[in-house]
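Each chain is listed here by its residues.
Number of protein chains: 2
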Amino acid sequence: MTQLFSFEIQAQQERSRAAVFHTPHGDLLTPVFAPVGTQASVKAITPAQLSELGASLVLANTYHLYLRPGDELVAEMGGLHRFMHWDRPMLTDSGGYQVFSLAQTRKIDEDGVTFKSHIDGSLHRLTPEKSIAIQENLGADIIMAFDECALPYDRAYNERAMARTHAWLERCIQAKSRPDQALFGIVQGGVFPDLRQASAEYVAGLDLPGIAIGGLSVGETKDEMNAMLEVVDPRLPEDKPRYLMGVGSPEELVNGVLRGIDIFDCVLPTRLARHNAAMTRTGRLNLLNAVYTRDRLPIAESCTCYTCRNFSRAYLRHLILAREMLSATLLSIHNLHTLLSLMADLRAAIFAGTLAAFAVDFFAARQASAPEAELEPPSV
Amino acid sequence: MTQLFSFEIQAQQERSRAAVFHTPHGDLLTPVFAPVGTQASVKAITPAQLSELGASLVLANTYHLYLRPGDELVAEMGGLHRFMHWDRPMLTDSGGYQVFSLAQTRKIDEDGVTFKSHIDGSLHRLTPEKSIAIQENLGADIIMAFDECALPYDRAYNERAMARTHAWLERCIQAKSRPDQALFGIVQGGVFPDLRQASAEYVAGLDLPGIAIGGLSVGETKDEMNAMLEVVDPRLPEDKPRYLMGVGSPEELVNGVLRGIDIFDCVLPTRLARHNAAMTRTGRLNLLNAVYTRDRLPIAESCTCYTCRNFSRAYLRHLILAREMLSATLLSIHNLHTLLSLMADLRAAIFAGTLAAFAVDFFAARQASAPEAELEPPSV
Numbered sequence: 000m001t002q003l004f005s006f007e008i009q010a011q012q013e014r015s016r017a018a019v020f021h022t023p024h025g026d027l028l029t030p031v032f033a034p035v036g037t038q039a040s041v042k043a044i045t046p047a048q049l050s051e052l053g054a055s056l057v058l059a060n061t062y063h064l065y066l067r068p069g070d071e072l073v074a075e076m077g078g079l080h081r082f083m084h085w086d087r088p089m090l091t092d093s094g095g096y097q098v099f100s101l102a103q104t105r106k107i108d109e110d111g112v113t114f115k116s117h118i119d120g121s122l123h124r125l126t127p128e129k130s131i132a133i134q135e136n137l138g139a140d141i142i143m144a145f146d147e148c149a150l151p152y153d154r155a156y157n158e159r160a161m162a163r164t165h166a167w168l169e170r171c172i173q174a175k176s177r178p179d180q181a182l183f184g185i186v187q188g189g190v191f192p193d194l195r196q197a198s199a200e201y202v203a204g205l206d207l208p209g210i211a212i213g214g215l216s217v218g219e220t221k222d223e224m225n226a227m228l229e230v231v232d233p234r235l236p237e238d239k240p241r242y243l244m245g246v247g248s249p250e251e252l253v254n255g256v257l258r259g260i261d262i263f264d265c266v267l268p269t270r271l272a273r274h275n276a277a278m279t280r281t282g283r284l285n286l287l288n289a290v291y292t293r294d295r296l297p298i299a300e301s302c303t304c305y306t307c308r309n310f311s312r313a314y315l316r317h318l319i320l321a322r323e324m325l326s327a328t329l330l331s332i333h334n335l336h337t338l339l340s341l342m343a344d345l346r347a348a349i350f351a352g353t354l355a356a357f358a359v360d361f362f363a364a365r366q367a368s369a370p371e372a373e374l375e376p377p378s379v
Numbered sequence: 000m001t002q003l004f005s006f007e008i009q010a011q012q013e014r015s016r017a018a019v020f021h022t023p024h025g026d027l028l029t030p031v032f033a034p035v036g037t038q039a040s041v042k043a044i045t046p047a048q049l050s051e052l053g054a055s056l057v058l059a060n061t062y063h064l065y066l067r068p069g070d071e072l073v074a075e076m077g078g079l080h081r082f083m084h085w086d087r088p089m090l091t092d093s094g095g096y097q098v099f100s101l102a103q104t105r106k107i108d109e110d111g112v113t114f115k116s117h118i119d120g121s122l123h124r125l126t127p128e129k130s131i132a133i134q135e136n137l138g139a140d141i142i143m144a145f146d147e148c149a150l151p152y153d154r155a156y157n158e159r160a161m162a163r164t165h166a167w168l169e170r171c172i173q174a175k176s177r178p179d180q181a182l183f184g185i186v187q188g189g190v191f192p193d194l195r196q197a198s199a200e201y202v203a204g205l206d207l208p209g210i211a212i213g214g215l216s217v218g219e220t221k222d223e224m225n226a227m228l229e230v231v232d233p234r235l236p237e238d239k240p241r242y243l244m245g246v247g248s249p250e251e252l253v254n255g256v257l258r259g260i261d262i263f264d265c266v267l268p269t270r271l272a273r274h275n276a277a278m279t280r281t282g283r284l285n286l287l288n289a290v291y292t293r294d295r296l297p298i299a300e301s302c303t304c305y306t307c308r309n310f311s312r313a314y315l316r317h318l319i320l321a322r323e324m325l326s327a328t329l330l331s332i333h334n335l336h337t338l339l340s341l342m343a344d345l346r347a348a349i350f351a352g353t354l355a356a357f358a359v360d361f362f363a364a365r366q367a368s369a370p371e372a373e374l375e376p377p378s379v
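Going down the list, the sequences are from chains A and B. Using numbering that gives the first Met the number 0, the first residue of the first sequence is number 0, and each one after it goes up by one. Using numbering that gives the first Met the number 0, the first residue of the second sequence is number 0, and each one after it goes up by one.
Hint data in this document are derived by calculation from the structure and do not stem from the laboratory. It is possible that some hints are incorrect.
[Said to hold, decoys possible] Covered by chain B, per the in silico footprint, the following chain A stretches (three or more residues, Cβ under 8 Å): (1) 80–92; (2) 220–234; (3) 348–357.
[Claimed, not checked] Some residues of chain A that are not near chain B, with every Cβ distance over 10 Å (derived): (4) 45; (5) 105; (6) 166; (7) 292.
The structure displayed is predicted, hence computed values, not measured ones. Ideal placement from N, C-alpha and C gives every residue a C-beta, glycine not left out.
Please take these sequences and the hints and turn them into a complete structure.
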């Protein structure tokens, strides 16, 4: 397993690293951003378009695929890679986060979680063992331990959730049987530095092939997120990839890389695309805005994505008003390109030893632009 | 203009022709099928995907684009080719058909039609002159005369509508000013052979760069459609392209080519795709059918399209049930490939002198397959 999933650091600057993570479906060049294919499809784009964008890692959701079409069906169809035609590395989450955020009437006990499907109200139960069994059926390269994601500010609850997450992690390690999958443990602890420290040290002690940081980007401030990363990062082994779950705005990606994060995922670029918002490094454009009615410019003049090379803001606005699906496709392509090219530039800056200057310029450009009010992404 | 739009027959077999129609945006190799980009977008696919499919001609709707975003805006943005990023030949209809099928409270007089927008109820008026002005703003290579499309069985109404269509055609010819657009006249006459004959002779006498046959595929039987083509075709000039409007099933394409048609368009492949139906040469598959739940096969084993090369019926069914937009994209790609490759094969058969055998095999295969009941395409 160590050979299948070895992590080689190629360049380092302060806490930031450029590395290669070897997986059975090829190498991940980190830092890397993973588009989310919730239901075995990155919404509104094809795997060919995703490849063209230079995506290397795709995330899919255990909760969704367990409920529909069912992990056993996916296994029967040859696994997730084959089912959705993505032959590069994949990652599945544990289902925990969705059970806590989407499912109805959940009941948590020490053994697991009972919940009702958000699709049809049917009753289901997830345990650490069941989550691993599902993820083994799905067959992603990177799988996640079943954890309890608490809201950030309740200390007593975060203590209990963290303890449960640690106990469940040990059961996941026991349950895991496929040598071609790397199991990552998850650091929890809300916004409490001592809990985060304890969790980081606990998970770091288990010698897993990678470590994730969960329970962030769930309502806390950006400063709180950064503070937690400062606590956690020094306590994680240097020679293992670090995955910051569910994070994805350009600003958070830069902040994360500066604090030693190697892997990110987020629905933000594709979700914003379906809500008419184009992401740039300095802000967002709401393309429904009447100011773009006759605007011949692309979303971003310096952008080299398929959308910006070929289509005007006026055309994108027309597609949105005319309710043409193509708007979601073209905006998803642009938004993913924004994040993927940012990651490539961050990686190059680490190699060149220019990351600090890059980050200073990045934040200065954000400050200098008169950005439209950032749109809050809708919650589902 | 004759030079810009010359039509060269390369091979001929009985009434069928393989030809090149030269346009300012490149050559059309006929017989050709045009995907429909109603609102300046072929629904659910990008121009790059359309090019990859080998599409050469795209149709857009004057009625829709006049109402939204407005033909003047499109002109200001550099015309339709540039606006939607399609740099091959384009065709716009006259708006007549949609006024009669979509708009509300229309009032027809000898001068034109007054109607209410289906979008917001606002009042508008189309005349032959206005239709041409809009189409000149849009800037397609092939534009259509403003006509009145009557339902097929009312003889008295078809007589009046045909007379009006002829009078309006002459006004369109007068109104037209752009030398880089080819104006096609439209033959009407319902299901009445003498009316069709009169209309064909009238339009043929005007020496236009191409001639369209309208008012078919609007409720009449396939035999009636074929009978009308038999009446019209011999009366049209050999050296001009013939365009059968709104036709589109594999069977109708073969029947049309056998009767001398060079150009077709239809929303059927993309509309069926959005309603879960895959078209093959021999029938249709409703991919929502539970029989495909665990089906590892592609839609059609012999098909070489992107969808069939990479995705199973089980995956497509999953996308449909999960309401993922990707199902519309993948099925549109497949359905368009089915029609575009059929046209390419028909063209090759004309060159090879094997069209009769091809057609016999085509209809025998349809007969032999135990097709699912053909799905009626939804009306909008």
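| query | Hey, does residue 166 of chain A actually stay past 10 Å from chain B on C-beta? | reply | Since the minimum Cβ distance to chain B is about 33 Å, residue 166 of chain A lies beyond 10 Å and the statement holds.
| message | Using a Cβ cutoff of 8 Å, are there at least 3 residues of the segment 348–357 of chain A near chain B, or does the coverage claim fail? | response | Violated - the segment 348–357 of chain A has 0 residues with a Cβ nearer than 8 Å to chain B, which falls short of three.
| query | Looking at residue 292 of chain A again, its CB stays over 10 Å from all of chain B? | reply | It is violated; residue 292 of chain A is separated from chain B by about 7 Å at its closest Cβ, not greater than 10 Å.
| query | According to a criterion of three or more residues whose C-beta lies within less than 8 Å of a C-beta of chain B, is the segment 80–92 of chain A covered? | reply | holds (count 3)
| field | Assertion that chain B covers the segment 220–234 of chain A - criterion: three or more residues, beta-carbon distance below 8 Å | value | Three-residue rule not met by the segment 220–234 of chain A, so violated; n is 0.
| said: Checking a non-interface call: every C-beta of chain B should be farther than 10 Å from the C-beta of residue 45 of chain A. Is that right? | reply: violated, 6 Å
| said: A cut-off of 10 Å on Cβ-Cβ distance, and residue 105 of chain A was said to be off the interface with chain B. Does that hold? | reply: Given a closest Cβ separation of 22 Å, the condition holds.
Checked against the numbered hints listed earlier, the structure breaks hints 2, 3, 4, 7; every other hint is satisfied.
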